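Asker: The residues making up each chain are set out below.
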Amino acid sequence: MNGLVVALVVPALTAVLLGGLRGMVTDRVAARAGVAASVVSGVFILAAWLLHDGGGYAAEIDAVWVRVLGLHFHLGMDGISFPLLLMTTVLSALVCWALVDDPPAGDNATPALVALIMVVLSAALGVFASLDLLLFFVFFELALIPMWFVIARWGDPHDPVGRRVAATRFLLYTVIGSAFMLVGFVTVWALSGTLQIPELAARSEVLDGGWALFAAAMIAVGLAVKTPIWPFHLWLPDAHAKAPTVGSVLLAAVFLKLGTYGLLRVLVSVLPGPARDLAPWLGALGVIGIVLAALACLRQSDLKRLIAYSSVGHMGFVVLGIATLTEIGVAAAVFASVAHGVVTGLLFFNAGSLKRRFGSAEMAVLGRGLYARMPALAVVLAFAAFASLGLPGLAGFWGEMMALRSAYESAVDSGAGLVPAVATVLLVAALVGVLLTSAYFLRLLRCTLQGVPTPHDADVDLVGSERGIAAVLVVAVLLLGLAPGLVVGVVEPSIPAILGSAR
Amino acid sequence: MRRRESAPAVAITALLALCAAVVAFPRLGERTGPYGEPAGIRTTLVDGGDLLGVSVTFFVDHLSAVMLLLAAGVGLLVQIYSVAYLAGDARYRAYTTIIQLFLVAMATVVVADNLWMLLVGWEVMGLCSYLLISHHWELGPARAGAVKAFLLTRIGDLGLLVAIFAIGQTFGTYEISEVLSAMASPDAPDGLTWIGLLLVLAVVGKSAQFPLHTWLADAMPGPTPISALIHAATMVAAGVFLVARLYPVLAASAVTMTVLAVIACVTMLLAAMFALTSHDLKRVLAWSTVSQLAYMFAALSVGGYDAGIDHLLSHGAFKALLFLAAGSVAHAVGSTALAELGGLRAVMPWTFATATIGFAALAGVVPTVGFFSKDAVIEAAWHGIGHDAPVAPVVAALVLVVGLVTAVVTVAYAFRTWWKVFFAADPAAAARLAEARSATGRSYEAPPLMVGPLVVLAAASILLSLAMPLHPLTGLVTTVLVAAAGWFTWQTMAAGRDPADLLGPARRAFDRELAMDVAYDRAGTAARGAGDVVVATDRDILGFYPRATAWVAVTLSKGFTKAQSGNAQTYVTVLAVGALLLAGLVVVR
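Line by line, the protein sequences give chains A and B.
Reading the first sequence from the start, the letters are residues 133 to 635 in our numbering.
Reading the second sequence from the start, the letters are residues 5 to 593 in our numbering.
Same shape as in the complex, but just chain A (with noise of 0.2 Å):
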């Protein structure tokens, strides 16, 4: 038995399920099924890493599907997609766990709800686990519909328009996004005469010239959309503001890494002549996210948008790191992306909190001194916006780490990626990114947890679940920010398999 077949197909399983019989399944089953089926998935794709014996790809399944297209059902994981696999499959549990206590509206809604996050899950680790590139982009695109479903139906409360035109705007920029991704892949087919990563990764002679760097640059305009990379990031805010709690959660978690995975697998380690082109653009797009979404921060009156704008910030220091073509680049995307999943989970789930009990994220609504009027609540978003600053010892700051250290390390001996001076440059506008990133981080705690209290009828603490998944989310910050190893010590073994021919 394949540990990711059954990975995939649990969730896939219970989507089927709950959206058969939802009208005989009360909210708290279809919740804690849902939790059930995450963390089953989760048991599954960790058995299946721990039974692997080393080398190549654990729980690999190469079954050819089509064979006109050449399309084979392939799947595997490694140290690069290992971390990402784990932690869809809690943060998927977590968001389940959420609606025990908050359910969506509607009558009976949550078996629906439920089903497209599963729907949403398994399509998330398929694309984690895919080494097939259109089965790639199969999963790819399945993630996307039941995620216009979330945000349209059950997003904003208070504004039925504003949720349908964010739906539709990140809807439409992800498919176009797509095709140019789609155009790239067939490209790539029709260069190398094969769809397998594997194969093309390990291919002794590396696809270049003019139609690999084509190929390239519509892969690279596909997942940039998607990360987002500035300046393709303008449905983020809106999609994320929209977006109820499980939703804003699950984009900024699952979604975003759908895109920076599939820079370092499917454009990084397929295509790494054309890689090493794009790479100065890349970081300096990255770099330039990192800057102006802190500066766009500064000035965000609703939480939730804040939090979204200082996604595309955290992206860029992905994105940095994975165009400097380095080991520590590549080990500072995958950590930075699993950070990123865990702390900006945790700041979503707390604004959900904020805005269920006042109907709305604006920091003006909240009003001042959450410190007094719900202290735990307060004491975790507090933790949440320090381990986003990237405070050492807290989530955060690893993965910034060793992608400034990438940016150093090319700057003073000439990297793969970038040129010294390039990368000179782009350090420093990281490194004023980073004290903007403080900045903002400190005027939100400022101006919504500290100041003379403002009591309010909706003033509750954290209650239920919530309590739960903040715990979990604080041990998991915690634990990879005392323990960075744990993570990068299952991602370094896997770096050849990324950078193989790029070095």
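FYI, nobody ran anything at the bench for these hints, they're computed from the structure.
For clarity, every value in this text was computed on a predicted model and none was experimentally measured.
Among the clues, some could well be false.
[To be verified] Just so you have them, the derived chain B footprint on chain A, three or more residues with Cβ under 8 Å: (1) 155–169; (2) 521–527; (3) 532–545; (4) 561–567; (5) 573–585.
Here a beta-carbon is modelled for each residue, glycine too, at the ideal position from N, C-alpha and C.
Starting from the known structure of chain A, arrange chain B on it as the hints suggest.
Answerer: Frame of chain A; chain B shown alone:
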């Protein structure tokens, strides 16, 4: 007093202090100086691997031991003191927990062998001071001061981050002991100027040196015991520690040491002038901390390694004493503005006696510890002119001159403050005090839990002298200077004039602390302005393409709508035209 909360807080801190003592005491005897093979005990707990390099390793030597004992001692006294000082405070438990975290972070910094581990402790201290400064977060100045402290120190922290990158790249290791070994070996790497300058940036932020000095004085809205902790034993002391820890790396470059010396000279005198013109007891003490830290950096920059460390220790004792004394004044009077104090000598005898020792040590009066350690700094500068110092003789001479001038100014502001707080300079304030006293009928003197730490620190401020070296000649020179300055200040005060007024028109500029904050405020305004531009760009310019796409889609669909008119005649016409066109194409080809 809520014993249920305070007892465990003190007990845990005492336990931490005990652990620190157990680790530190065996190392106290081996004073080896900065150069040569690192003499200390190295322990590896977790090996972080080659790629990441984040290991859990400890390196404990004489320097760590001194720092550990200082931090643990002051931390414990502050915790005991706070039981009384913060009695009845709603956030007492959070406060004590953060102090414990603060101490653990400081301990991490001083015993870490791995530079990343050091960085974790270093920045967690920044977090703790942020949280403690904003303890009274209802108050605007507390919030602003906390944010400022975090951001300005973070500038320095980024310097440390890049310095660590550079050290890893140059030495191939992140372990301090291995870096020191490499420096001691004959083939030590050169080209260390950049690393040195980045480290200087780090300590300039952490230890509030010019031009990042403004945060420390603005950190005063925090509870007073916290100031004692931050100023004496942790946070700012970490900057001095870092220079001492990586001393060979910094000393390898004359440029680095010259920059450090110049920064120290500027800061030393500037902060002393700010202290002289300040109107608030705590602010005077804050500026004096900045000035005294500059003494330590000055000593280190001219090669006076031991002098720098000794002054750190001595300053730790007397500054903690002064801040806790200021705390007991604030506890009694409810204010630390100099204008509202005065005449406290009679009503607070214990505070008066201990604070007098503290001020004497600050001014460098024999036989307090401040006299010995400050002399050692002056002596180091004198020695540096003639001998093989890391900086040029002229720089050492600058340090010597500025050090002596600052010593004089220090006497002036220490005397001025002492006089204004404890002697009835202002009859109106004395009358107010007497009235308040008769109205409440309670004693002004602090409760025993606060007086106890004061007495311990006062004793330390004298007894630590025994561990300090004596330089008879410089001692004589400085004593004469101190006596002259003290006599002069006394005469001025007795004549009813404020020594700060002697500055003449320059006083106004110093009153505003030279408007250094304006630059930082401008930077903040600029960032906010840039933020507005970015938001507008996202909305109006980048938002163009989704709008453009929407417009194209709508227009196209309108076109198609028109095409589907349902009119059979139109369809047939279009069909015919199409067929004709196709036929034409075929014919042409």
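Asker: Count the residues of the stretch 155–169 of chain A with a beta-carbon closer than 8 Å to any beta-carbon of chain B: does the count reach three?
Answerer: violated (count 0)
Asker: Go check the stretch 573–585 of chain A versus chain B for me, would you? Three or more residues, Cβ under 8 Å, otherwise it fails.
Answerer: holds (count 8)
Asker: Are at least 3 residues of the stretch 532–545 of chain A within less than 8 Å of chain B when you compare beta carbons?
Answerer: Our answer is that it holds, as 8 residues pass the Cβ test (under 8 Å) against chain B, meeting three.
Asker: In terms of beta carbon proximity below 8 Å, does the stretch 561–567 of chain A have 3 or more residues touching chain B?
Answerer: holds (count 3)
Asker: Go check the stretch 521–527 of chain A versus chain B for me, would you? Three or more residues, Cβ under 8 Å, otherwise it fails.
Answerer: Since 3 is at least three, the answer is holds.
Violated hints amount to a single one, hint 1; each of the other numbered hints is respected by the structure.
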